[in-house]
Amino acid sequence: MNILTLLIFSPALFGLIILALPSSWRASYKYITLLAALLQVGMSVSMYLNFKTGAAFGGFNQEGQYQFVQKLPWISLNLGSTGKMQIDYFVGVDGMSIMLLVMSAVVMVIATLASWEIKSNLKGYFALFLMLDMAVMGVFSALDFFLFYLFYELMLLPLYFLIGMWGGARREYAAIKFFLYTLFGSVFMLLVMVGLYLSVTDPATGNHTFNIVQMMNPANYQQGSVFALLGQQTLFGIPARIVGFVVLFVAFAIKVPVVPFHTWLPDAHVEAPTPVSIILAGVLLKIGGYGIIRICMGIFPEVAVSGAFWLGLLGVISILYGALNALAQRDLKRLIAYSSVSHMGFVLLGVASQTAEGVSGAMMQMISHGFLSAMLFFLVGVVYNRVHDRDIYNFRGLATLMPDYTVYVMIAFFASLGLPGFSAFVAEAFSLAGAFKSTLLPHWMAVCGSVGILLSAAYFLWTLQRMFFGQARLKGGEVWKTALSKLDIREKAALLPLALLALLLGIMPSLALDKINDSVLAFIHFLQLK
Amino acid sequence: MITMTHYLVLSAGLFCIGLYVILAKQNAVQILIGIELMLNAAILNLVAFSRFDKLNNSGQTFALFAIVLAAASTAVALAIILNVYRRYRTIDPGKVNQLKD
Amino acid sequence: MNTPLPNIDLQTVYYALAAVVLPFTAFLVNLFISGKNSKISGWVSTGAILVSAVFAVMVFGRVWNSHAIHAQQLWFTIGQTPVYAGVWLNNLSVLMLLLVTVIALPVHVYSTAYIKTHENNRYFTYLSLFCFSMLALVVVDSLVLLYAFWELVGFSSYLLIGFWFTRDSAVQANKKAFIMNRIGDIGLLTAIIILFSQYHTFDLIQLFGDNGLVVKSIIKNDRWIGPVSQIAATWQYVACIGIFLAVAAKSAQFPLHTWLPDAMEGPTSVSALIHAATMVAAGVFLLGRVYPMFNIQELDALAVIGCFTAFMAATIALTQNDLKRILAYSTISQLGYMIMAMGINAYASSLFHLVTHAFFKCLLFLCSGVIIHEMQHIKEENQLDIDPQNILYMGGLRKKLPITFIACVIGCLALVGLPLTSGYLSKDGILIQSFEWAEGRSTWGYLIPVGIMLTSCLTAFYVARLIFKVFFGKFRLKEILPDVHLHISDGGWQYTLPLIFLSLCSLFPLFSLNPFLYEHAWLYKGFVPSNYLARESIYHTIIPVIINLASVFVAYWAYAVYIQQRKLVFPQTSFLFRLSYNQWYIDAFYRKVIANAAVQLGQVLFWLDRNVVDGLVHLLTKVTGWLSALTAWTDRYIVDGTLHLIAAIASAIGNFFRSFQGGKVQYYLFSMLAVILALFIIKLLI
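Chains as they are written, first to last, in my numbering: chain A, 1 to 530; chain B, 1 to 101; chain C, 1 to 686.
Source of the hints: derived by calculation from the structure; they are not laboratory data.
No experiment lies behind these values; they were computed from the predicted model shown.
Please note that the accuracy of each hint is not assured.
Residues from chain A that face chain C, not an exhaustive set, calculated with beta carbons under 8 Å [claimed, not checked]:
id, residue
1, Phe-236
2, Gly-237
3, Ile-238
4, Ala-328
5, Asp-331
6, Gln-465
So the derived list for chain C, only partly shown, Cβ under 10 Å to chain A, looks like this [to be verified]:
id, residue
7, Gly-79
8, Tyr-84
9, Leu-145
10, Ala-148
11, Phe-155
12, Asp-185
13, Thr-234
14, Tyr-237
15, Leu-510
16, Leu-513
17, Phe-516
18, Leu-517
19, Asp-635
20, Leu-669
21, Leu-673
Using 30 Å as the maximum straight-line C-alpha spacing, the simulated DSS-like pairs for lysine-lysine come out as follows [stated by the list, open to error]:
id, chain 1, residue 1, chain 2, residue 2
22, C, Lys-664, A, Lys-475
23, A, Lys-492, C, Lys-39
24, A, Lys-481, C, Lys-116
25, C, Lys-116, A, Lys-486
26, B, Lys-25, C, Lys-39
27, C, Lys-592, B, Lys-95
28, C, Lys-622, C, Lys-683
29, C, Lys-39, A, Lys-486
Just so you know, even glycine gets a beta-carbon here, dropped at the ideal spot from N, CA and C.
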């Protein structure tokens, strides 16, 4: 049995177990989910340890260089004269996906621990949760576009229900907004996918294929097909390959989210229950970044090179716009949601630079933001669970009431604002260094991006000052004071690993970079060939 | 001098009154009276036209038959009205509608 | 200057690393013994810094004026760029290593008594973290690490300024300090990024070494051409501005100086170590490390800003009433001297002044700590509502606190730069060289030496004011409230020993056997190139004489004003007084204009986000809603309506004919009649 397949489908297995168990055992569901998540961490870590590095394992556009590959024929239809329709179950990882898999597995454990707060309809909740888990893992490892799309859509369904049923006051609004936004992007992605299928043939069999790696090779495009490199086909008067790139980019930009496609994010975060926020920020946003690298830029590299300026510009706008918006928030969760927009802007800027430093920085930022945003949302959940309020101005001097909590908040805040020693520093510094070094982006972009670092210090420190320091003064008075108890073991067990991981990656970035490097170099090399 | 026209006009008047009674009245007995009036208008015509057949007096003969038949049919009609009244407690033909489709 | 050796002296490197890591160990130990109400933490940290200082002395002995040592190890690889971590020990770094440990030691001892028992653990945890970051900052060899520790220093300073986090003013101050420093940090980051993309390395030695990449690059035809690649010349200026911002933020230079006076909200011992002696000197240290970056024009700009800062801060210090604030502004002023000295190419004098200033300013702060401590004691004993730092309540303390008094006077004399003190040696060096620098320039060039002379006189005045107000005259609190109890003294050995130690270090013998010639100081010689020829000019004799006479005169003037109560100063309502008292309104300007603008901008963008970006989405939703309502209406009333109309017509016709079959005999008859009549009428008409 392939360990990657096992990693993807083990949550589904546990989900079925939960569905089969009678409701009277509902107290055990969370432990079953936790077991599933821990098992996943175990598997992903063992994959991480067995992951081979070196130039021969770069992956990206070389099918043979992927690891833990499993390729099985799945749907096979003989269409007579037009050939054969072939969809494979094709999964595998390279340096970029392995780190994201490990990160996602860890975030899932944290989200499970945060799920202790869920009190109603546990069976449905945990079944959907595990389904989401499966879809996420699938997205990061699918190498067949059809399979990718399947997992991508499969993610939406549980999320819609998780937000819409277990969310806050305006949950229906947020859930439908999220759902429609994402669907808007992915429907057009479907069209491009079909177009690509009809353009690309597998050189081995001569049939059309959904294989993403084959799509990266310009030689595999049929002469005169829609997306052929030489044909210069146009759609609505625009070269077809640019249309394809833009459509795919918009689909993923909604996920990232890139300004101006971001407005679903604050609403979804504010309404979603804590564990869903953690998964949203920690994992789902990364699918956007991952998709841009692997699919958008992988399949349409020459468009990515010529459009680098616009990608970088969107990145810089996201950084500054998100940070300034965060400065204006009084809802703590909304503030963190906007800070996510800002931090994910660095990913786009780094990727747009198309230098080894920039792309590595972007990857590092995705991993780092995965851990840190999970930590931040978990921390918001802690205080929200206790008093059901998140307004910054309703709290003051929490440091005297909850010293442990304050320590974790400070770690999370300072790590997020890029204090050296934490992972975000390496990530942001190298995204910017790459952006400056890049020949595709103007130099001012990196300088503007660094202003985002300053603004992040401003909003985080201002929040610290308003909520945590000063004399203790709460809106809820004595009731709140007793409600705001110290962190319990479960909460510490969730926060401590995240803090340590962020610290570890900050002090020894090589833990992640060693795995990523070969793939990044392969990616850069691939882009430069265009 | 009383001419043919006078008879005919009287007969037409009687017929019209009878027709009006039949159409307008809600009472079966009154309708029956209306029928009698129309019948008598016809009989009056028969008698008046008998002047063109002075030999056989067929007009008068038909009139006699008609009077007898009218008496008989009136008796039957009155019996029906009585039965209808017993069954429906009304003799308004508009309300007796059980035979309607 | 010295060159690195190929065969590395590993033992020295290990000593240096031990000196750096020991405070970090103390930090970790303190982290684990947190929560205990004891003084253990204090002694852990003090012990660590003591051993650290011993190692620093050994490293200093091996490296000073001998071979520089450079050792590094691969840290991580990003893309194809290896990033190394290592140490670079040369005269500059070992001097700083020694200075930081030697200053930190008395401060640690002092703090064990100064900080209350229940706050002991937290305080020393932070303090050890600071010492670690600062020591690491001075020895690292790569720009990435330099930036990392640069920011960590700022972070530990943030923690220590906000040490009493329940005070609003303290948390305002630490936020401000961190954000101001962040401005500098992004400047430094930008500079690092520019240097990296220009030279493809982070290594300080490769970049700024004697024959480094920076020295080899030139600016020609608006291109900045380096050995590896080239870039538009603007970016060289941007990089320098970035470094300058970093320097200005850490070393509190105009326009980023306003955080330093506010930082005095932290414990006084912290102010002594961090905000007077070591961290604020990091800016000057950074300048020293990247000195080859700057070309002539950029150095001139540095000189102007340094001189301006020195002058401005001195004028502000004239009228402040808060004891620590006066010292804070005098720190800014003295840092201005150092920056200016860097700008006028007096590299050695600048670093010399850095060292001497560290000692006497630390001494002054520790003295002020004793005074504030005693005033606090009076306040608590008598339950008064007074500000213990306000010098207007003090006076005549020289009899109550004799040791503090003597130490403070020594510190003040060194600050003014009177002979026999260390301050005389370093400051006069700067003054003399500023005149030499101005010689070859236009008349405007003389503004700098003149400005700096003027600043010296102002310094003499505010220092004299401080001494006279605090130690001479009558105890003014006693005059206001005659029945206060006074039980104050110099305090235990933890107070007096550091004061005596630092007082001795503020005198001339530590630096030079000749108390009048700065060129003879060993420290100065350590930084002057070996081929440097001291110029014999008239300034070497004139300047010291003039400046000292002027200082003495100004001090006497202050004596006349404050002790003999003669009215020889500006009235308190004059514009100049208010300008000085309100710190040139710079802080108010930042708060009202810049900080507000940022927050407002945030609000506006949020409004935009809600109403325009999200509004567009909502508009789209609404338009879709309207469209769908329209189609629904059409569907209901037009498409379906037609259908319904047809049905209705059919049913109306049906109903019409149906009415003839009512089952009512009279209707049948009526219809028959009607038909017959109709037929008749038709017949008649035809």
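Check your understanding: Should the hint that C:Leu-517 touches chain A count as held when the rule is a Cβ pair under 10 Å?
Key -> 43 Å, violated
Exercise for review: Decide if the proposed pair is consistent with the structure: C:Lys-664 and A:Lys-475, CA atoms, cutoff 30 Å inclusive.
Suggested key: 84 Å, violated
Exercise for review: Sort out whether A:Lys-486 lies within 30 Å of C:Lys-39, counting only the CA atoms.
Suggested key: 26 Å, holds
Review point. With 10 Å as the cut and Cβ atoms as the points, is C:Thr-234 at the interface with chain A?
Key: 9 Å, holds
Check your understanding: How about A:Asp-331: closest beta carbon in chain C under 8 Å, or not?
Key -> 11 Å, violated
Practice item. Answer holds if the nearest beta-carbon of chain A is closer than 10 Å to that of C:Leu-513; otherwise answer violated. Key: 43 Å, violated
**Study point:** Given pair status - C:Lys-683, C:Lys-622, alpha carbons within 30 Å
**Key:** Between C:Lys-622 and C:Lys-683 the Cα gap is close to 68 Å, so the pair fails against 30 Å, i.e. violated.
Check your understanding: For the pair supplied as a hint, C:Lys-592 and B:Lys-95, is the alpha-carbon distance within the 30 Å limit?
Key -> 95 Å, violated
Check your understanding: Does C:Leu-673 meet its interface restraint, that is, does its C-beta lie within less than 10 Å of any C-beta in chain A?
Key -> Violated - the Cβ of C:Leu-673 stays beyond 10 Å from chain A, reaching only about 70 Å at its closest.
Exercise for review: Go through the hint on C:Tyr-237 and say holds or violated, using the shortest Cβ distance to chain A against 10 Å.
Suggested key: 12 Å, violated
Review point. Going straight from one Cα to the other, do C:Lys-116 and A:Lys-486 come out at no more than 30 Å?
Key: Given pair C:Lys-116, A:Lys-486 holds - Cα atoms ~25 Å apart, limit 30 Å.
Check your understanding: Regarding the pair B:Lys-25 and C:Lys-39, is the alpha-carbon distance no greater than 30 Å?
Key -> 123 Å, violated
Checked against the numbered hints above, the structure breaks hints 1, 2, 3, 5, 8, 14, 15, 16, 17, 18, 19, 20, 21, 22, 26, 27, 28 and satisfies the rest.
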